[in-house]
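Asks: Sequence:
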Amino acid sequence: MRIAQVAPLYESVPPKLYGGTERVVSYLTEELVRQGHDVTLFASGDSLTEARLIPVCKQSLRLAPDCIDPLPHHVLLVERVLEEKDNFDLIHFHIDYLHYPRSRYEDVPTLTTLHGRLDIPDLVPLYQKFRDMPVVSISDSQREPLPWLNWQQTVYHGLPVDSLKFQAQPGKYLAFLGRTSPEKGLDQAIAIARQAGIELKIAAKIDRADAAYFDAVIKPLLKEPGIEFVGEIGHSEKSDFLGGAMALLCPIQWPEPFGLVIIEAMACGTPVIAYPRGSVPELIEDGVSGFIVDNAQQAAQAAMAASALSRKRCREYFERRFSASRMCKDYLAAYEHLLEKEPVLSTSDLSASDQVMNGSRMVSRYPTGL
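For what it's worth, the working numbering labels the leading residue of the sequence shown as 9, then goes sequentially.
It should be emphasised that the hints constitute simulated quantities derived from the structure, not laboratory data. Errors might be hidden in some of the hints.
With a straight-line Cα cutoff of 25 Å, these simulated DSS-like cross-link-like pairs (lysine-lysine) come out [to be verified]:
1) Lys213 x Lys231
2) Lys180 x Lys137
3) Lys349 x Lys137
4) Lys231 x Lys209
5) Lys173 x Lys349
6) Lys173 x Lys93
7) Lys24 x Lys209
8) Lys349 x Lys337
9) Lys173 x Lys137
10) Lys209 x Lys137
11) Lys24 x Lys231
12) Lys173 x Lys213
13) Lys24 x Lys93
14) Lys227 x Lys213
15) Lys209 x Lys227
16) Lys180 x Lys213
17) Lys180 x Lys66
18) Lys337 x Lys93
19) Lys173 x Lys231
20) Lys66 x Lys173
21) Lys349 x Lys93
22) Lys24 x Lys213
23) Lys227 x Lys173
24) Lys320 x Lys349
25) Lys180 x Lys93
Ranges of calculated distance between the beta carbons of each label pair, as one might list FRET restraints [said to hold, decoys possible]:
26) Tyr113 x Leu84: 29 to 35 Å
27) Met312 x Lys66: 45 to 51 Å
28) Met312 x Arg60: 35 to 41 Å
29) Pro233 x Pro284: 25 to 31 Å
30) Trp156 x Leu79: 35 to 41 Å
31) Pro228 x Leu347: 29 to 35 Å
Being a predicted model, the structure only gives us computed values, none of them experimental. Idealized CB from N, CA, C, for every residue including glycine.
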């Protein structure tokens, strides 16, 4: 199959440091190539891939010192992809809705994985206008605000099974890995560690948008004993950081669409302690790969009990549910379905009742029953 993968340009594929979407695109692209497909990756020029790379900008935009506005680069990205459309059987977009006004009217099949949150009121009129576009969710919970979209299926993220090292014996600290934004709950993680009396190591990215929050709320908490701020880390450092932890703390404060760090921790054999928001109940098997808790007090108790969980079972749970090969298999099924079925009518050709049916008829549970 001739497949185009279209990545955001904010980070390279894979990212040098933090970056979830681009890392998933990398895993999927490389697995497709490994399975013998003809794959073209549209991404920043500092990306590394076995696929054919078409660089749309020289460097990932977050690390480019001269990039002020990333939007023009993404407009050019869409144009560049569609200039090449005749070379592909299918185009798989990972840039949310940016391509819709152009790709909707092209004859090449497209699929869009929605990687972000959908519970934002501003998105409703946009997705109503483009409700016919075929989309994939990364968790069932992600769909809840917009259940009437043209959902093809849910495809959970996956990692190459050898990308992170299993560590049978952990160290004596708790870990936090993510952004320092309010929704990630770093302040809660600090409170949990303090209540449990266990050291907390924090590997976190400070976005410019979160700088004021970090300075006002998080920075003063870092002065407390037993709290170590490591800073932003890359993938090569994750095995040691996550594998050395007793547990990963994910006290999220928002409807997390997936949470890649959760399965990264489990790949290392490290259980995850998280609040039951968003995708969390779909990703963690309570008492096997971690604990799902309701508040900081329960989280502190879970942290003290984490050593009782089998790290080997945690790793096996990851391998069974969240491998890159499983993710690739599920996307290939979605691709084949799109190539075989009749073209989806434009919403302008549908009655109001038909539009609702078109948005709901394709909704299916995760095909392997996970």
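Asks: Against this structure, judge whether each hint is valid.
Replies: Okay, the hints, checked on the actual structure:
With a C-alpha separation of about 18 Å, the suggested pair Lys213 and Lys231 falls inside the 25 Å cut-off, and the hint holds. Taken as a hint, the Lys180 and Lys137 pair is broken in the structure, with Cα atoms around 52 Å apart against an allowance of 25 Å. Between the alpha carbons of Lys349 and Lys137 the distance comes to roughly 22 Å, so the proposed pair stays at or under 25 Å and holds. As the CA atoms of Lys231 and Lys209 are separated by approximately 13 Å, the hinted pair is consistent with the 25 Å bound.
Taking the CA atoms of Lys173 and Lys349, the gap is about 41 Å. The hint is violated against a cut of 25 Å. About 39 Å separates the Cα atoms of Lys173 and Lys93, which puts this hinted pair outside 25 Å; it is violated. Between Lys24 and Lys209 the CA atoms are separated by roughly 21 Å; this keeps the pair inside 25 Å, and the hint holds. With a CA separation close to 19 Å, the supplied pair Lys349 and Lys337 stays within the 25 Å bound.
For the suggested pair Lys173 and Lys137, the alpha carbons sit about 45 Å apart, so the restraint of at most 25 Å is broken. Pair hint Lys209 plus Lys137 does not hold up; C-alpha atoms about 45 Å apart against a cutoff of 25 Å. For the suggested pair Lys24 and Lys231, the alpha carbons sit about 29 Å apart, so the restraint of at most 25 Å is broken. Only pairs whose Cα atoms come within 25 Å are accepted, and Lys173 paired with Lys213 is accepted, the gap being roughly 22 Å.
Taken as a hint, the Lys24 and Lys93 pair is broken in the structure, with Cα atoms around 29 Å apart against an allowance of 25 Å. Between Lys227 and Lys213, the direct Cα distance comes to roughly 13 Å. Compliance with the 25 Å bound is thereby established for this hinted pair. Using a Cα cut-off of 25 Å, the hinted pair Lys209 and Lys227 holds, with the two alpha carbons roughly 14 Å apart. The hinted pair formed by Lys180 and Lys213 meets the criterion: a straight-line CA distance of about 23 Å does not exceed 25 Å.
Proximity of Lys180 to Lys66 is assessed by CA-CA distance (about 42 Å); at most 25 Å being required, the pair is judged violated. Under the criterion of a C-alpha separation no larger than 25 Å, the hint pairing Lys337 with Lys93 is consistent with the structure, at around 23 Å. For the given pair, Lys173 sits about 32 Å from Lys231 by alpha-carbon distance, which is inconsistent with the 25 Å threshold. About 32 Å separates the Cα atoms of Lys66 and Lys173, which puts this hinted pair outside 25 Å; it is violated.
This hinted pair checks out: Lys349 and Lys93 have alpha carbons roughly 19 Å apart, not beyond 25 Å. Taken as a hint, the Lys24 and Lys213 pair is honoured in the structure, with Cα atoms around 12 Å apart against an allowance of 25 Å. In summary, the hint linking Lys227 to Lys173 is not supported, as the alpha carbons are separated by about 31 Å, beyond the 25 Å threshold. For the proposed pair Lys320 and Lys349, the alpha carbon gap of about 42 Å is over 25 Å, so the pair is violated.
Distance hint between Lys180 and Lys93 is unfulfilled; the C-alpha atoms sit about 52 Å from each other, more than 25 Å. Between Tyr113 and Leu84 the beta carbon distance is about 19 Å. The supplied range of 29 to 35 Å is therefore violated. Distance hint check for Met312 and Lys66: the Cβ-Cβ separation is about 49 Å, which falls inside the suggested range of 45 to 51 Å. Checked against the hint of 35 to 41 Å, the C-beta distance between Met312 and Arg60 comes to roughly 51 Å, which is inconsistent with it.
Here the CB-CB span from Pro233 to Pro284 is close to 30 Å, well matched to the stated 25 to 31 Å. For the pair Trp156 and Leu79, the beta carbons lie near 28 Å from each other, so the given range of 35 to 41 Å is not met. Remark: the range hint 29 to 35 Å for Pro228 to Leu347 is contradicted by a beta-carbon distance near 55 Å.
The structure fails hints 2, 5, 6, 9, 10, 11, 13, 17, 19, 20, 23, 24, 25, 26, 28, 30, 31 (numbered hints given earlier, in ascending order).
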